[in-house]
Structures are given as C-alpha cells and as structure tokens.
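Q: Chains as they are written, first to last, in the working numbering: chain A, 1 to 347; chain B, 1 to 162.
To be clear, the hints were calculated from the coordinates, so they are not data collected in a lab. Please note that the accuracy of each hint is not assured.
Said to hold, decoys possible - A few chain B residues that face chain A, going by a derived Cβ cut-off under 10 angstroms, partial list only:
{"id": "1", "residue": "Q120"}
{"id": "2", "residue": "L126"}
{"id": "3", "residue": "R128"}
{"id": "4", "residue": "Q129"}
{"id": "5", "residue": "H130"}
{"id": "6", "residue": "T134"}
{"id": "7", "residue": "D141"}
{"id": "8", "residue": "R142"}
{"id": "9", "residue": "A143"}
{"id": "10", "residue": "Y144"}
{"id": "11", "residue": "E146"}
{"id": "12", "residue": "L148"}
{"id": "13", "residue": "T150"}
{"id": "14", "residue": "N153"}
Glycine included, C-beta positions come from ideal geometry on N, C-alpha and C.
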Amino acid sequence: MPSRPKSHFSALLGALGLFALLLLCVTPVRSDDARALFRAALEADDSVSYSGTITSVIYDRDSADATVARIDHKAPNSWRLWYVAPAGAYGRMIVSNESLTYQYEPKQSRVYKNDWSATAPGVALSLDYGRVEENYTVELGPKTSVAGLTARSLSLVSKHTGSLIQRFWFDVRSKLILRRESYHPDGSIASKSSFDNIRIGGTLPAELFKMSVPRGMTLVAGAEYGKPTSNVADLHASSKLEFAAPATLPYGFRLENGSFTSHDGVDTVQLVYGDGLRTFSLFEYTNASMPRFSRAKPKPLRIGELTGEYADVDGETLASWNTSHLVFTIVGDLGTKEISNIGAAIK
Amino acid sequence: MTCEKYRELIIDYTHGELDAATDATVFEHIQSCAACKAEWQIETSLTETLRAAYATELELPMSVVATVRQTVRGQRSPGVLTSLRTWLRPAVLAPTAAMLLLIAVVARYGQVHTPPNVPQVSADYLVRQHLVQTMGSQSNDRAYAEYLLTSANDQSQNAVTP
Chain A
1 MPSRPKSHFS
11 ALLGALGLFA
21 LLLLCVTPVR
31 SDDARALFRA
41 ALEADDSVSY
51 SGTITSVIYD
61 RDSADATVAR
71 IDHKAPNSWR
81 LWYVAPAGAY
91 GRMIVSNESL
101 TYQYEPKQSR
111 VYKNDWSATA
121 PGVALSLDYG
131 RVEENYTVEL
141 GPKTSVAGLT
151 ARSLSLVSKH
161 TGSLIQRFWF
171 DVRSKLILRR
181 ESYHPDGSIA
191 SKSSFDNIRI
201 GGTLPAELFK
211 MSVPRGMTLV
221 AGAEYGKPTS
231 NVADLHASSK
241 LEFAAPATLP
251 YGFRLENGSF
261 TSHDGVDTVQ
271 LVYGDGLRTF
281 SLFEYTNASM
291 PRFSRAKPKP
301 LRIGELTGEY
311 ADVDGETLAS
321 WNTSHLVFTI
331 VGDLGTKEIS
341 NIGAAIK
Chain B
1 MTCEKYRELI
11 IDYTHGELDA
21 ATDATVFEHI
31 QSCAACKAEW
41 QIETSLTETL
51 RAAYATELEL
61 PMSVVATVRQ
71 TVRGQRSPGV
81 LTSLRTWLRP
91 AVLAPTAAML
101 LLIAVVARYG
111 QVHTPPNVPQ
121 VSADYLVRQH
131 LVQTMGSQSN
141 DRAYAEYLLT
151 SANDQSQNAV
161 TP
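Chain A on its own, in the form it takes in the complex (with noise of 0.2 angstroms):
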C-alpha cells in the first residue's frame, strides 16, 4: 500500500520531466547561447576567409532590383567583390580594407578611390550589440541547408512591436551568415541576400587584395560625403543653418550621429537615428525644392498638419515634406506611420 502513492508521485515526475523535454525541443532557444550564436556569427569573417558568388535582392512596393556578385574575403579585412549583375555593372571590381576602397571600372579606363576612413567612418563602424540586445529577442531556430552547409537561422524581432525585422542562416562550423532576409516594420520582405556557393577557408593570394592602378587607367578621386560626429553641439556651431530635431522618436531610436555638407550651394544637415538594426537619417536643407525622383511615382503623406509626399528609392523609405524655411527628407527602413509621427514631432 505504501507503495502506490510512490509509484504515482514517480509517475508524475517522469511525465513533467517528458513535457520540459518536448518543450525544450519544440520552442526555439531564446537564451544567453542565441545572442552568443549572433555575435559569433556577426563576427566570423574577422578570421575566417572565403570565396563564393552572392545574389541580392532589393524589394521596393513595386519592383526589386537584384545584384550578382563574386566575394573574396581574406580574413580579417581584405575583400575583392566582381559583378556578375545588373548589366550596368558587369565587370566592376572593388577591392576594399574595409577604410580605403578601389573601384575597377573597365569600361571607362578609370579606377575611383573612396577613403571612408576618412569620408565616412560609419562603413568601419562596428555594430552596437548592446543596443541591438537592447531592443531585439535572438530566437535560435532549427538546422537547415544552405549552400550545401548546414545552417542554423538567428531571428531578431523587436521588443516593443513584436514584429520580425531580419533573420540570418549561419554556417554551423564556421559560423559566417550564408543568407539574410531583412523585413519592413509591416511584415512585409525588404530584402534578401544568399551564397549560391561558397567555398570557406583555404588560402588566398594577398595579390588578389592589393589595390594597384593597372596601365592604362586612371586613378580618379570617387564620390564625397559628409563626415559625421556624435556631438550635435558641434554640429550647431559649425553648420550654416538652423535645424531642428523630433521632440519624439520611435521605440529604442536614438540619435547616433550627424553632418553638414555643402552642396553645389545647397546646405544640408544629416542626422542618423538608429535602435541598433534600424536607422533612419533626417536630411533638413535649404535653397533647394523637395527632392527629385529619378524612377520612383512619390505619393502624398500627411506629415502634422504638412503634406509630403514618399516613395521607395533602392530598398528605403524616402520621404519629404517643406516648411517654409526649410526642406525636411527622412530616408530610411520605416513605415510611413512611424515617419508621419516623426516628421509630425519637429521642433
């Protein structure tokens, strides 16, 4: 007799111990092993080299444009891309350091440089994981095949929305992120890219890196850009006109950094929110009308008691709006809610 009340507490017992079991095996892994599976993977290619061919995709409302492109990277910063795709491009090589970069333009006999280093710091910054933890979950997910490597996915929802905003397939072994899906706040794809074939490790020629002009080119200077700093105070003192900023960000948002450039006589003033995975940067500039848009039909958006109109521009939200002293664009991966609020809550 004694017995059975035993038996029954050990049956009990082994069936709780069953459901934990299933239940572990079931729900993903939300734990201090996904964000250390996510930095490891957003920091494989410090030592690990590779060589593959890459497809991306940009998806706007209406269109997507795609790029084709064959990657060498030699651990820990030497990269050498060569396009495949669009057309326009078919041929470009970059060879990069990740600060100084030279762009190969056959057709034109020309080699463009880009020293970010010291135009624009923010292609070498790092990312915050901090903030990104701040304001995102890691879910584990379960292995899959990607490339023909066995792959593990790491998905980043918000905190404050819920909403799925990027998930990434890693490689198990090496750790390096073998595809990336990107998602607007609604839900819908923004975008996608994936290793079509990727060979890991081995040992590449540093010839392949090195950044040379070849006979018959022309080394030309590429593209200027603003160069940021975190202090606004600085940025009041040195840029030629008056801005303003929104009283009122989105959830986790806040300002990381801004600039002034000077523009064939336009002034304008950037500044660059972000939560750790999202950004947005509010352009306010003078002495110029709304934006011009090369391909995209821009809509009417009320902005407070404004109307602006928006679009989509290679994968962004671009959208625009003037006062009367001022021209006001917010370009980045946002709805038009969120943006209407933030353009609504300038002071």
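Once you've looked at the hints, dock chain B against the given chain A.
A: Okay, now just chain B, sitting in the frame of chain A:
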C-alpha cells in the same frame, strides 16, 4: 344646309378632314350645285399648286436673304445680367468651378515641387548619403550597398540640379 354652310366645309372636304357622313353630304351637294362645285375646284387647284411648289427646292430671292441678314445684324446683344444668368446656370457653373479648382491644385502642386530657379536635390543622392553613414549597420546588405555607392562615384555631379 345652305350653300354658305357647304362652302365653309369645302376646305376640310378637299383635305379629307371630314367624318364619313358629312363628307358624303358635301360630295352630293357639289354634284348638284354648280357654284359650290366651282368653289371646290378653285380650292383643289390651289392645293395642287402648293404641293407642286414644295416638291422642288426653290432658292430664296436675294432680297429675302439680304433682309434676313440685316435683321440678324441689327439684333441687340444680350445684356450683362442676361449673360451672367446664362453662365450661372448649374449646368455651366458646376463643371467650370471643378475645372478652375483642378487648375488651382495643379498650379499649387507644381509650385511646391518645381519652383522656378530653385535647385533640386536628387532622391538617389540622399539615399546614398544615408547608406554611407549607416554602412556599419547590421541591416545593410554589403554587396548591394557597395554596388550603390560605387555606382554613385561617376554620378556625384548629378546630386543637385538647377
């Protein structure tokens, strides 16, 4: 019925407008009364002449044409109030107002977007400016971003157009 009464019915009789009984009475009377028969023959002759005249197109005499033109020229133009009343009719006013409103909206819209002599910044240029400052972001696709930025190296002159 007297001859005078019959002669009043002769025109209608000639044109077949009488009811059958009256028509028969008039017919009988014409057969027996020479004076009324002569009256009937005059009416019949006149009718035939008119029919023949309408059967062919006749040009109006020049004097008639000249008189008509002179009368039209001499007519006074309608007064201001009459004209205004004509224009304010709903059938005219509603489409006119809609058209004017449309022209005003188009003019205003055009003014906001392309004011004369004010330069325009290229939307593509602003996107590249955003991209270059956020290249370190995890949300950027490296191959595509590099493609866009390098494509801009020979297009930087198109950032602002007058």
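Q: Run every hint past the structure and note whether it holds.
A: Here is how each hint holds up against the structure:
no.	hint	verdict
1	Q120	holds, 4 angstroms
2	L126	holds, 5 angstroms
3	R128	holds, 7 angstroms
4	Q129	holds, 6 angstroms
5	H130	holds, 4 angstroms
6	T134	holds, 4 angstroms
7	D141	holds, 5 angstroms
8	R142	holds, 8 angstroms
9	A143	holds, 5 angstroms
10	Y144	holds, 4 angstroms
11	E146	holds, 6 angstroms
12	L148	holds, 6 angstroms
13	T150	holds, 4 angstroms
14	N153	holds, 4 angstroms
Comparing the model with each numbered hint stated earlier shows that all of them hold.
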